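Q: Sequence:
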Amino acid sequence: MANIIQVKDLKKYFGKLHAVDGIDFNVEKGEVFGFLGPNGAGKSTTIRCMMGFNRPTSGSIKVFGYDMSKDSDIAKQHIGYLPGNVKLYDKWTGWDHIRFFENVRGKSVNVDSLIERFDFNPNAKFRHLSSGNKQKLGLILALMNEPELLVMDEPTVGLDPLLQYEIHKVLLEMRDRGTTILISSHNLPEVERLCNRVAIIKEGKLVAVESIKELADKKMHKIEVHFNDKFKPSDFQVEGVETVEQVANGLLITAGGNLNPLLRALAKHNVVDFEITHASLEDVFMKFYERAK
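1 is the number of the first residue of the sequence shown in my numbering; add one for each residue after it.
For the record, the hints were derived by calculation from the structure and aren't laboratory data. Please read these numbers as outputs of a predicted model, since none were measured by experiment. Keep in mind that the hints are not guaranteed to be accurate.
Heads up, simulated DSSO-like pairs for lysine-lysine below, C-alpha to C-alpha not over 30 Å straight-line [claimed, not checked]: (1) K222 - K8; (2) K169 - K230; (3) K219 - K169; (4) K222 - K232; (5) K87 - K219; (6) K202 - K70; (7) K287 - K218.
DEER-style ranges, computed between Cβ atoms [to be verified]: (8) L263 - F53: 48 to 56 Å; (9) N258 - D71: 13 to 21 Å; (10) V104 - G240: 55 to 63 Å; (11) K11 - E245: 39 to 47 Å; (12) H18 - I74: 48 to 56 Å; (13) T57 - P189: 31 to 39 Å; (14) E102 - H186: 26 to 34 Å.
Where is the CB? At the ideal position from N, CA and C, for every residue including glycine.
Could you put together the complete structure from these sequences and hints?
A: Okay, here's the thing in structure tokens:
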């Protein structure tokens, strides 16, 4: 499948600060790609280089085959962009911004629908909008021309859960119509719901690039088991088991992958209570970060 975005050995330094330090990843046509990491990890700097706003110290970013250090104006004709901090003209209303964008990019195909779905008042001046409504306007401007590529930096930050859900629906509908989407986020449930693959970034370096399915397969099981016979914790250090901790009359076990070896070991004992829970994507994310220390 064709790569819409190609990032190769990207570095961006600000003096001694290595904001982005040699990262590589591709985004395929039609996928939703998550760029995951805490504030300060290098996500926004990468996106600003991707949009041609910052020039890389070294390395390259190509979008639709165009080098974004040289030909970003051509590529941006096909990109909808939502910055992490929406800053527009204070004295303009929402309609003023929408009409300006239509003059530049052509008539919108869905602006009325987006205004309704996001419950946005386009008659208010930008300076009078709350931070949430500024975010809504930024989303409308990014989405209203059905771009081939959406690049979004924290698209639902500061928005209530119902509106977040509606935005997720809109993005999934656009994905189904063939739009490629890159989302920078530290909202793990959002990434898990929307994305096909994720790149995990820490202190300017990539920790991993994984599919959501691969991340899900790495989720650990947490098992608490109690016995009414004698047992030794070492009996349960079998394939797939990471930790075994003794508790009153039982064990607390973390295990991943195939649980059959552990279940066979448990079957040799008189189990009186057994409880299993599944670790969250956040647990997997934190595990990647701990390994990267």
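Q: Indicate, hint by hint, whether the structure satisfies it.
A: Verification of the supplied hints:
Between K222 and K8 the alpha-carbon distance is near 38 Å, which puts this suggested pair outside the 30 Å criterion. For the hint pairing K169 with K230, the CA-to-CA distance comes to about 53 Å; that exceeds 30 Å, so the pair is violated. A threshold of 30 Å between alpha carbons decides the hint, and for K219 with K169 the separation of about 26 Å falls inside it, so the pair holds. The suggested pairing of K222 with K232 holds, with an alpha-carbon distance near 19 Å, which does not exceed 30 Å.
Simply put, K87 and K219 have alpha-carbon atoms about 39 Å apart, too far for the 30 Å limit, and the pair is violated. As the CA atoms of K202 and K70 are separated by approximately 28 Å, the hinted pair is consistent with the 30 Å bound. A threshold of 30 Å between alpha carbons decides the hint, and for K287 with K218 the separation of about 10 Å falls inside it, so the pair holds. For the pair L263 and F53, the beta carbons lie near 54 Å from each other, so the given range of 48 to 56 Å is met.
Between N258 and D71 the beta carbon distance is about 49 Å. The supplied range of 13 to 21 Å is therefore violated. For the pair V104 and G240, the beta carbons lie near 56 Å from each other, so the given range of 55 to 63 Å is met. Hint check: K11 to E245, Cβ distance near 43 Å, so the stated range 39 to 47 Å holds. Hint check: H18 to I74, Cβ distance near 30 Å, so the stated range 48 to 56 Å is violated.
In this structure the supplied range 31 to 39 Å holds for T57 paired with P189, their Cβ-Cβ distance being about 34 Å. As the Cβ distance of E102 to H186 is approximately 33 Å, the hint placing it in 26 to 34 Å holds.
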